[in-house]
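Trainee: Sequence:
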Amino acid sequence: MSGFAARHSRAMRGLLVGLLAAVLCLGFQSLDWSDGWERACFDWQARLMAKPGEGTGQIRLIVLDQASLDWGLQENSLAWPWPREVYGVLAAFCERTGANSFALDVLFTEPSFYGVTDDLALAADLAQQGHAVTALFLGDHSGSYESWPELAGGKRWGLPVADGGEQMPLATQALLPILELANSVAAFGNTHLPADEDGIYRRVAPFTIFAGQRVPAFGLAAFLAAQTTIHTQEETLILLQEHLPPVAPDGKLLLRYRGPSGTHRVFSAAAVIQSELLLRNGLPPLIDPSEFSGKYVLFGLTAPGLYDLRPAPVAGAYPGVEVHATFLDNLLSGDFLAPAPSWVGRLMGCLLGLLAGFLGCLVSRPQATLLVALLAAATALCLVLLGYRQGVWLPLAIPELGVFLACGLALAVNYAVEGRQKRFLKAAFRQYLSPEVIEGLLTDPQQLRLGGETRVLTMFFSDLQGFTGFAEQHSPADLTAFLNEYLTAMTDIILEEGGTVDKFVGDAIVAFWNAPTAVDDHAGRAVRAALRCQKRLAALNEDFAIRGVTELVMRVGIHTGAAVVGNMGSHHRFDYTMLGDAVNLASRLEGANKEFGTRILVSAASCAAVSDTDVFFRELGRLVVVGKQEVVTVFEALPHPLSPKLKKLCEKFDEGLVAFYAADLAGAARAFADIAGEDPAASAYLARLKGGELQADAGWRGEWVMSGKH
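Using this note's numbering, the final residue of the sequence shown is 723, and nothing's skipped along the way.
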C-alpha cells in the first residue's frame, strides 16, 4: 500500500470513529446521563473562576454567629430567641450610617415571645430606617396564607405581573410576616431557594408569582428597597429591566459565585449592636460607620444550630444569606451567568469527537493519539473557561466525553487494524535491524517498497580467519550451535550501535549504517561496533578454550561511501541490501587484513568521519585493491588510549611508513625490522621489501598493491 493510500485509509477510519463517538455523545446527552457530570464540572469552574465583582464591595453582611449568641447570653442574659427589639438596634445602626437598605433574612411569622410591645419596637425601628426588607416564604407545601392580607395604606406585597410572567415560578402558599412588621418595611423578599436536583444551590428565581403578584427574591428585594424613595414604581420596573438578564425557561438565573464563605465583608451582630449602643452614649464604636455608608446590608443566621447552612458550588456548607448576597452581587455587577443552549453542547461534543477521532486514527501511534486526546480536551477546557469568563456556561462533560470516546475508539481501531502488521514487522526484522530502525519502518512502511536509493553508508564486512578448516573439524550440530552463539553476540552489538544487518554468509557478517533511517555519526558507530565485537570475541575465546575450541580471529573491513540501498529482488521476495563500488571496496578491505596481519581495516573516508576520541587510527598504507587503479589510504582502528608499548610500536611503524612513501626503501626496511617481531603489519612490509619486487623508480607512489581478492 502506498503512503497516500495508507493515509487515506487511516483518514476514512478516523472519520468513522469520530462519527461513532459523536453518536454516542448524543445518546448520553439525550438520556440525561451526563447531567450529573455537567453539574460537577460547573461547580469546579465556579471554584476555579470565583473572584469579586464590581458589586462585591457594595454589600455588607451582619451575621448572627455563634460568637454573637455567646455574647448575648454571657453579657446580656439573652437566651434564644432574642427579643425583636435587638434587630431594631441593627436597623438603627444602618439608618445612622446611611446604608442603602437593610434586609432581615428572618421569618417573623408569629408574634414575639416577649409580647406585642417587642414587635412594635422593631416595627418602629424598621420604619425609621426607611429602606428595610423583611422575609417571607413562598412555596407549595407549607404556608399559612393562600392569598394576600390587606396592608395599611394600600401597600402592595409585590409588583404587578408583567409580560413574560409565565416564565416565573408559581407558589400556592405563603408564610408571611406579622402585619405589624409588614406595614413598616419598604419591600418583601422571598427567601425560598429551591436547590438543583443534586441539592446544590446554583440558581435563584428573581420573581415568584403568588396570588396575582410577583414577589422579588430576597437579594432583589434589598436592591428594590433602596429605590423606594428615589424612583416611582414604573421607573423601578424599567430599572429592573436594565439590570436583570433574560431568565431561563424555569424562570431562574444562574449565579456567579464570588468565592468561599466570607468573600463579602462580614460583621458579627454582637459587634454591630455594641457599636450602636456606644454611639448612643457618645463613645467611639467598634465598627467604623463608613463601612456601612451607601452599602446594601443583609442580616442572616450562620450559627450552626440555627440551620441556615446550604450546599453551594464553592462550599459544602454555605450560609443562606450569602446565597442571597451572591444574587444581589450579580445584579449590581451585571454579570449573571447564562447557560448555553443545549444544542451548543451537542455541537461541541460532535465536532471535537470528529476531530479527535480523525486525528487519532491519522497519527496511528498510541502516544500521538493520547497527545491528540490531551490537546482536544485542553481545547474544550479553554473554550469552557473562556465562556465562563464572558458570562456563558458552556457544557464541558459532553465535549470531553466525545474527545476521550473518539481517542479510545481510535486506539482500539489502530491496534486492531495496524497492530497485527506492526507486530509482524517487528518479529520479522528484529534479528536484522535495531529497534530505532524498526520504529522508523513502522512509522513509514513505504520504505519497504521494491527499489533503492543512493545514500552515503558506512559498510561493515567481517569474516572469521580459517573458518573452513574449523568447520571440517566439528559436527554439523556443534558447528550450528557455535555459529548461533557467535553471530548472536556480534549481531547484538551491531544492532545496539544502530546498524542494519544485511546478511549472513556462513560465518561472515555484512552490515551497514545510515539506512533505512538516517543515523548520526554512522562511521563512528561502525568503528565502535567493530572494536566492541573484537572485545566480545576475546571473551568468547576464553570460553571456547575451556570447551577445546581453538582461538578464533575476526577480520573487519569498514568503508564510508555512496551506494544504492533498498529492497532488491522480485515483487514477491526481496531483501533489503546494498550495491555499488563502495560496497565492493569495503569487502576488499576485510580481505586486506590478511596481507597486513590486522583485525580492523578502515578506509580514509570512514576515518575522517569519525569523531569518537576513544578510537585511535594508525595509518597502514596506500592500498590498491584488485580490479581498481585508484589508491585508498587505509588505517587500523585501535582502542584509545594506547598502551606505552603499543604507542612505541606505532611511532616506529610511522617512521618506516614515511620512509616507504618517500622511496627510502632501505630506511623503511630498517625501521620495520626493529618491530617486525611484534607488529604483523611491519613484518608484512619487511617481507615485501626483502622480496625485491618493489622498485623505487620515477613512477613510485608508495603503494601497496593487493596480491589477490582474498
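Any given hint could be a false lead.
[To be verified] Straight-line alpha carbon distances no greater than 25 angstroms define the calculated PhoX-like cross-link-like pairs of lysine-lysine that follow:
1. Lys703 with Lys548
2. Lys64 with Lys265
3. Lys703 with Lys661
4. Lys548 with Lys658
5. Lys516 with Lys607
[As the list claims (entries may be wrong)] Per label pair, the in silico range of CB-to-CB distance:
6. Glu304 with Pro258: 27 to 35 angstroms
7. Ala261 with Gln87: 21 to 29 angstroms
8. Ala330 with Gly49: 14 to 22 angstroms
9. Asp83 with Leu291: 15 to 23 angstroms
10. Gly49 with Thr392: 20 to 28 angstroms
11. Cys395 with Pro317: 38 to 46 angstroms
12. Gln180 with Leu91: 16 to 24 angstroms
None of these hints come from the bench; they were simulated from the model.
We put the CB at the ideal spot given by N, CA and C, even for glycine.
Trainee: If a hint holds in the structure, say so; if it does not, say that too.
Mentor: Right, here's what the structure says about each hint:
1. Lys703 with Lys548: 34 angstroms, violated
2. Lys64 with Lys265: 22 angstroms, holds
3. Lys703 with Lys661: Given that 25 angstroms is the threshold and the Cα spacing comes to 24 angstroms, the pair holds.
4. Lys548 with Lys658: 19 angstroms, holds
5. Lys516 with Lys607: 22 angstroms, holds
6. Glu304 with Pro258: 27 to 35 angstroms: Holds, since Glu304 and Pro258 (Cβ atoms, about 30 angstroms apart) stay within the stated range.
7. Ala261 with Gln87: 21 to 29 angstroms: 48 angstroms, violated
8. Ala330 with Gly49: 14 to 22 angstroms: Holds - the Cβ-Cβ distance for Ala330 and Gly49, about 21 angstroms, lies within 14 to 22 angstroms.
9. Asp83 with Leu291: 15 to 23 angstroms: 20 angstroms, holds
10. Gly49 with Thr392: 20 to 28 angstroms: 23 angstroms, holds
11. Cys395 with Pro317: 38 to 46 angstroms: 40 angstroms, holds
12. Gln180 with Leu91: 16 to 24 angstroms: 44 angstroms, violated
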